[in-house]
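Trainee: Taken in order, these protein sequences are the chains called A and B.
Heads up: the first sequence begins at 1 in the numbering used here, then just goes up one per residue.
Heads up: the second sequence begins at 1 in the numbering used here, then just goes up one per residue.
What the hints contain is simulated information worked out from the structure, not anything from laboratory work.
A few of these clues could be false.
In silico EDC-like cross-links for lysine to aspartate or glutamate, where the CA-CA straight-line distance does not exceed 20 Å [claimed, not checked]:
{"no.": "1", "chain 1": "A", "residue 1": "Lys189", "chain 2": "B", "residue 2": "Asp182"}
{"no.": "2", "chain 1": "B", "residue 1": "Lys88", "chain 2": "A", "residue 2": "Asp222"}
{"no.": "3", "chain 1": "B", "residue 1": "Lys189", "chain 2": "A", "residue 2": "Asp222"}
Okay, here's what each chain looks like letter by letter:
There are 2 protein chains.
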Amino acid sequence: MNTLFQKRRADLARWMAGNNVQAVVFEDTEGRRSPAVRYYTNHPEDAILVINNKAEAVLCPWDENIAKQKAVIETIVPYTKYDRTAIKAVGALLKLLKVPEKSRVEIPSITPYPVFLRYVEAFPQYDILCKEEYTHHFAVEQRQVKDEYEISCARKAAEITNRIIDTIETQIKKGKIKTETDAALLIEKECRAAGCEGTSFATLAAGPSRSFGIHCFPNYTDAQFPADGLSILDFGVNYSGYASDVTLTFAKGELTEEQEKQIQLVEKAYDAALHLYEKGVPLRTPALKVDEIFAKAKRKMPHSLGHGMGLEIHEAPWIRAKTEPEKTFQTGMIASLEPGLYDPAIGGCRLENDILITDQGPEVLTRSRIIRIP
Amino acid sequence: MNTLFQKRRADLARWMAGNNVQAVVFEDTEGRRSPAVRYYTNHPEDAILVINNKAEAVLCPWDENIAKQKAVIETIVPYTKYDRTAIKAVGALLKLLKVPEKSRVEIPSITPYPVFLRYVEAFPQYDILCKEEYTHHFAVEQRQVKDEYEISCARKAAEITNRIIDTIETQIKKGKIKTETDAALLIEKECRAAGCEGTSFATLAAGPSRSFGIHCFPNYTDAQFPADGLSILDFGVNYSGYASDVTLTFAKGELTEEQEKQIQLVEKAYDAALHLYEKGVPLRTPALKVDEIFAKAKRKMPHSLGHGMGLEIHEAPWIRAKTEPEKTFQTGMIASLEPGLYDPAIGGCRLENDILITDQGPEVLTRSRIIRIP
C-alpha cells in the first residue's frame, strides 16, 4: 500500500516538475471537498495536503489521531497547531517543504475568488496559481483511469451491490419490503454488514407518485414501495472509499401503454449506448446516440447519460453531449450508463449500471435491471 | 407560507437597493451547496436563483417537476433550456429580470476564481461582484437569526430528537441495541417515521476504540455499542429542512480515573459555557471560557465550541475563540454547545445540545446527556 500512494504522488510530481510548478495544495474541508487528499495519502477526513515537485508531502489533518492511524505519509502536523486557519497552515507546510521563494505554488482550482485574493496577499514571496487546466486538472485525469487496486475495490463494491439487488428483489417478491424506508434501511444494513464504509450517497427510493423526480425529494419516505406503476431505487455502496451507483426500476401491476413505451425506450437507449462504452470512442458518442433515440420519440432526458465514479460518486469522465469531442474512453475508466425518462403523469424509469472499460470492451460490473412485479 | 418567502426576498432586496447591487445570483449545486435557494424559494434541490433589488426573482431548477411542486416563486425556467450550463442560464435569468446594462451583479462569494473569470468574460455589460462581506454575507446574517416559522421547525426537530434520545437510552438498557449500526439504523428509522426528511448529517456512532476521533471513521460499523469505556453518538434530524445536532456520551462499566476526570471536565465546561449563551454576549466568550477550563487541566479541545444550525448543519453564528469580539449572541439564534475531549488511550467524551437564544436567556432545546450504563 505504501508504494501505491508514493507512486501516485511521484506521477503527480513528475507532471509538476515538467510544468514548472514547485508545490501544489489540496484541501478537503466542508464546502470544498476533494478526494485528492485520500487519493494521495489514504487519509479519509478533513485535511490540507501539500506536495512538492520532488514528491515530498506534508499532511495537516483536522484530526491528528485519525491521521496517525490512516495516513500513508511521512510528515503529519496537526491543524490545531495553526489555530485551525487554512492559510496559516498552508504557509507553514510550504516552509516545512522548503519551497523556495518565487516558486509557482498552485492552490485548488475551486478556491473562491475572495480566498484566492487572500492567498495572493498572504504569500507575496510566491506566484500563486489557481487554474482549471493545470495540476488539479492533472489530478482529476489521473483519478479517472483506475489503477489495479482501485479496480479491485470497485469490483468488490459492485459484488456487494449485486448481492443487495438480489436480496431486494427477493424481499419485495416475498412482501417483506413494504415501504421506501424498508428498502433504504435494508441497503444501509446490508452494506455495513458486508464491510462497506456506508452507502456511496443518500439512497433514493421513490414510489410511483414520486418517481418522476430525477432525485426524488425527500430521498425516501414511509410511502408504499413498490406500488402499482413505476418505482425507482437509486443507490450505491462505498467499499474502501470506492463507490458503486445503480438504479433499478420496479414495474408493478398492469402498466399503461405510455408506461410500457417509456420502459422500452429506456431499454433501447441502454442497449444502443452500451457497446459505445469502448476504448477510443468519444465520451459524448453514446450520449448523442441516446439523445437521438429519445428525440425520435419526442422525449428528452433531463440529465447526463453517465459519469465516472471512484473516490467521488460523480467524477470524470463525463458521458454527455457537451463533452469535448477529443475526450475518449480509456481502458481503466469506470462510468455509469444511466438513461432515464420522467413524467409526472407516467412516473420515472431509469436503468443504471457501472461499466468498466477494458481492452476487450465494456464490462458491466453491476446487475441493475427493470424488475416486473405482478 | 407565500408571505414568508416574499418577506425574506424583500428584506434582501432592500439591502441590495441600499448598497447599489441590482441583482444577486444564488447557486445550489453539487460541490457548491447553498441553502439560500431553499431559504428564498422553498425549492429543496439543485437550482440557480436570481433576485433583483425590486425583489423580483426567477428560479432555474435542475428538476422542473420538483420545482413546480415545491417552489414558492412566480417564474420557473428549466435548466435543460440552457443546455444545463450555469453561465448561460444566469445570462438568461438576468435578461428575464430586465437587469439593465452596467448593473452591479453579484455572484456567490464561493465562486471559484477561474469561474469568476468566466463570468467577467461572459458579461462585459455588467459589473460582476464576488465579495465576502456583501450581499451573500447579508444572506448568511439574515439566516443566522431565525424567524418564527424556522423556530417552530427547530422546536419540532428538537422534540423528535429528544424522543429518539429517550428511545435509544431505553433500548440500550434493555440490551436491544448491540452495535453501532443498530443505533444508527434506529435513528434513521425513527426520524423518518416521525416525518423528518432524514438525519441532518451522517450519524456518528463510535464505541470506545473509536470514540477518540472527533468524527469517527467510518461513521459507524458492526462493532459493539456501547462497550466498556466511553462511546459517542452524534446525530441530528432534519425537519422541514431544519437541523438538530446532538451528541451523547455513554459511559459503560467501571471507568478509569482519567476517564472520570475527562467526563467531569466536559460537564464543567458545558455548565460554565451555557449561561454565556446570552443576548449581547460576544460569541467568542463561552469558547474562551472553555479553553481556559481545559487549559488549566492541561487539555485542549480540537474543535470549535459551537455553531449555528438551520437549513445547514453548520452555519453562522460560530462560537469559537477566533470569532471577532464585536459579534454577539442575538435573540433568535440557534447554536450548538458542544465541549469535547479526545484521547486514543482514554476515548472521547462530548456533550452537545442545541441552544435557542431568547430574551429570557438560553433555552436548551435538546436533552443530550452523559448516560451511565452499568
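Trainee: Please go over all the hints and tell whether each is borne out by the structure.
Mentor: These are the hints, each one checked on the structure:
1. Only pairs whose Cα atoms come within 20 Å are accepted, and Lys189/A paired with Asp182/B is accepted, the gap being roughly 9 Å.
2. The hinted pair formed by Lys88/B and Asp222/A fails the criterion: a straight-line CA distance of about 39 Å is larger than 20 Å.
3. In summary, the hint linking Lys189/B to Asp222/A is supported, as the alpha carbons are separated by about 10 Å, within the 20 Å threshold.
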